[in-house]
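Read top to bottom, the protein sequences are chains A and B. Residue numbers for the first sequence, in the working numbering: 1 to 456. Residue numbers for the second sequence, in the working numbering: 1 to 456.
Hints in this document: simulated from the structure, not taken from any laboratory. Incorrect hints may appear among the rest.
Which copy is meant is left open, because identical chains are indistinguishable; a pair holds if it fits in one copy or across any two.
[Unchecked claim] With a cut-off of at most 20 angstroms between alpha-carbon atoms, the simulated SDA-like pairs for lysine to any residue come out as follows:
hint : residue 1 : residue 2
1    : K208      : R182
2    : K153      : E77
3    : K153      : L60
4    : K112      : L438
5    : K101      : A404
6    : K55       : A422
7    : K153      : R67
8    : K112      : D128
9    : K316      : A141
10   : K22       : Q146
11   : K112      : L127
12   : K277      : V368
There are 2 protein chains.
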Amino acid sequence: MLPLIKKSSSEPLYEQVYQFYKKEILMKQLKSGARLPSVRQLASDLGVSNNTIIKAYEQLLQEGYLRNEPRKGLFIEKLEKLHLHEVEVDRIQKQVAQRFKYNLSHAQVDQKNFPVKVWRKMSQLALDSLRCQIHFYEGEAGFKEQLSSYLYKSRGVKSNANQIVVCAGTNGVAAFLSILFRVTHRQLIFEEPGYNEVRNVFLKNGLKILPIPMTRQGIDLKRLPSSRNHLVYVIPSHQYPTGAVMPMQQRLQLIQWAAKTNSYIIEDDYDSEFRYKGKPIPSLQAIDHSDRVIYTGTLSKSLMPSLRVAYIVLPKSLEWREPSLEYLSLSVSYLTQKTLALFFEQGHWERHLRRMRKVYSRKYYHTVHCIKKNFGDKVSFQVSNAGLYLVLHVKSKLKEPALAKLAAAQSIRIVGAEECFAQEPKWKSSIFFGFGGLDQNEIESVIKTLKKVWSL
Amino acid sequence: MLPLIKKSSSEPLYEQVYQFYKKEILMKQLKSGARLPSVRQLASDLGVSNNTIIKAYEQLLQEGYLRNEPRKGLFIEKLEKLHLHEVEVDRIQKQVAQRFKYNLSHAQVDQKNFPVKVWRKMSQLALDSLRCQIHFYEGEAGFKEQLSSYLYKSRGVKSNANQIVVCAGTNGVAAFLSILFRVTHRQLIFEEPGYNEVRNVFLKNGLKILPIPMTRQGIDLKRLPSSRNHLVYVIPSHQYPTGAVMPMQQRLQLIQWAAKTNSYIIEDDYDSEFRYKGKPIPSLQAIDHSDRVIYTGTLSKSLMPSLRVAYIVLPKSLEWREPSLEYLSLSVSYLTQKTLALFFEQGHWERHLRRMRKVYSRKYYHTVHCIKKNFGDKVSFQVSNAGLYLVLHVKSKLKEPALAKLAAAQSIRIVGAEECFAQEPKWKSSIFFGFGGLDQNEIESVIKTLKKVWSL
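This is chain A alone, in the form it adopts within the complex:
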């Protein structure tokens, strides 16, 4: 089997030879143990110089596709060693499959405005302090103090650094809280529909889920049990996925219920940084005087998902009751925490938030405008003036998977909202419209495309 090479191509000849063999090996057209033609032979067959072949073979050798047996020749590497490359193929194929032009998942954030330069600078400063922090079994207090101070200023959250647990993403938060409450509570009251990914982590960690339906004003307080010692998970500021905002009156009632029944409230305040209109309602933690609220948040939306940093503010009464909890919480590297501490300390965090609030606010109102203009009454949604996504309830006979499939054919990734239900889904044609990762000038054309393929 001779490589097909194009002498007229702009790609160098050796590169063509290299790419040909790499692909043949990866696709298993050439089996491991097979011998490659000698340099002279192949050069002569292809009518190219020996050097071209040598260069291609060297590259393949270096990358581990070939092994050299002295005086025998070059052979395709054994299968066990090749698995790496098989995986690489998998990955490439997967990436291609995932490479939608537009991703409307709720979890997408704006990439363009991430302050890469500042982050790099803070990282470098953090690196300077690395040598004396190689051990760091004790955690980095600086970041916790900055966070404590920020949460007080922005959300009224009262805390000291000892109450803060830094976790590896929201899944880390849920895993940590599962360990904290699994034995004493066993069951978690959860909004229905609710944040399915978090619900799954609690489930996996052994907590039972008791779904309580959402109203327009948050979880239905009338349905909360009157018995004692419960644990409830709520997103009062901008509920996922309904967008509901819990009014002050309901917040106070929920806290009263918790105090009366000796229950704990887990308050997930995950995208509270992005509220575009009106005064934000204080967090539950800020108005709670009975020490019943566990406050949680994440930097995935406000900074970047790939950082894997979220946090918990424990109530005073739960503050590191057991030293083993502290050990469990060391899940974010020193460098990351130190970089964050500097990023906060030097004012970049607040600057970044101010900028992003403007960016997302513009995107939000533009999205709302374009949806109304193009979809008219074919689509309904909750106007919550907050967050990085809308949930669109599409008036169509098509169910969610069909809507997603039609969008995918246009290279638009759509995630349905059906999985937010623990019980029988009440929404059949509801999808996320995450505008966070879209460019402002892409929004309308994406909407127009969806209108067309969904025949609205």
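Once you've looked at the hints, dock chain B against the given chain A.
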């Protein structure tokens, strides 16, 4: 209450005023809401210039200890805002307490030889690729591939990158495996004595522990249950804390038992990089043909603890059976994984390991030599030619806490081995001698000090 200032001191006067008030506020000698004397008043009382007082007050204002009420004066900040500083005091006190001159914990590593420059370079390269990796909900395949390749070369571990889970430290590994097995297995067979920190994480995550005693050749195989579907956790290469190395014969028997009883073996190979003599015995995973071994390891000993990176190689049969597991595993930031990928890719990892093996080997043999020379038969220990610590069984009437206390008085931190037992401890005067973090030339003097204070 007037600040005590020394005009003859080398410390600037404003600094003395600032430090005085800071301390009084932190120690709550001055209550929140109290008003400070006016600049002119205090300057006159102390006989210093107005500027000295202004400079001190400004510093206190900037740091949040004071608030300025226009036309009223300066007041000590409210309690809620002051908590940050209380914590700071806590932390400083704690740090002082922890600042032993010598730390003999098993978890200490060599700081001097950490390749800070190279790490910085790799981090910077990783930062270059950050802009397009802000989302990264998909994980970084490059590091997994490098790890897979390294584990094959060094420990015979057969894997592809899809089998690898990157976790936030060994606690992350145990938490992940708890989720994986909690429902199907409920109970974990554990070495007695064994790795208590890991045992605690499994316990916290809802697995029961069945302790099985150690022999000199690893966990006592005769005591393994003959019933089906068990889960056992072993450290065959260099057991913690006994130092036992499981011989080949026993390894094969353990694997046979697992295959016969349909059980899984969790193989923790945590410091296998550091073996100083003889050929290492292959990992259980390498000699297992029945897909019963879950292989785990960490970079805490071989690279640095503050990185918070450990890993699992799942058996083929468990490879991402559920997509929700993949979500759970995203606990290490993109930048860390990318930095590691580059560190491995460019050969720094193997170079670092080669160097550290030499460094620790020298420290190990020097420690063994000095212990024999100084303690004679007053101390016994297992010679395992591996790892970063020894467990010393001290022939003394003093129990472990007394030994640690006497050492602490000499600024030597000692961790006892008693907690390694889940049941009644069989060792009463056994302590870790972690030499990893000691300078070679400190080792003998530490030993001599211990001999003296322990009256051996």
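Verification of the hints:
With identical chains, the CA atoms of K208 and R182 are at most 20 angstroms apart both within one copy (9 angstroms) and between copies (14 angstroms). For the homomeric pair K153 and E77, the shortest alpha-carbon distance between copies (14 angstroms) is at most 20 angstroms, but the shortest distance inside one copy (60 angstroms) is not. Proximity of K153 and L60 under a CA criterion of 20 angstroms is satisfied inter-copy only: 19 angstroms between copies versus 57 angstroms inside one chain copy. In this homomeric assembly, K112 and L438 come within 20 angstroms of each other (Cα to Cα) only inside a single copy, at 10 angstroms, whereas the closest approach across copies is 47 angstroms.
Proximity of K101 to A404 under the C-alpha cut-off of 20 angstroms is restricted to the intra-copy arrangement: shortest distance 14 angstroms within a copy versus 62 angstroms between copies. Taking the closest pair of Cα atoms, K55 and A422 never come within 20 angstroms of each other, the shortest separation being 58 angstroms inside a single copy and 60 angstroms across copies. For the homomeric pair K153 and R67, the shortest alpha-carbon distance between copies (15 angstroms) is at most 20 angstroms, but the shortest distance inside one copy (62 angstroms) is not. When the C-alpha separation of K112 and D128 is checked against a cutoff of 20 angstroms, the pair qualifies only between copies, where the shortest distance is 14 angstroms, while the shortest distance within a copy is 28 angstroms.
With identical chains, the CA atoms of K316 and A141 are at most 20 angstroms apart within one copy only, with a shortest distance of 17 angstroms there and 41 angstroms across copies. Taking identical chains as interchangeable, the C-alpha atoms of K22 and Q146 lie at most 20 angstroms apart only when they sit on different chains, with a minimum of 19 angstroms there against 50 angstroms within one chain. Within a single copy, K112 and L127 get their C-alpha atoms only as close as 25 angstroms, which misses the 20 angstroms cut-off; across copies the closest is 15 angstroms, which meets it. Taking the closest pair of Cα atoms, K277 and V368 come within 20 angstroms of each other only inside a single copy of the chain (14 angstroms); across copies the shortest separation is 69 angstroms, beyond that limit.
Checked against the numbered hints above, the structure breaks only hint 6 and satisfies the rest.
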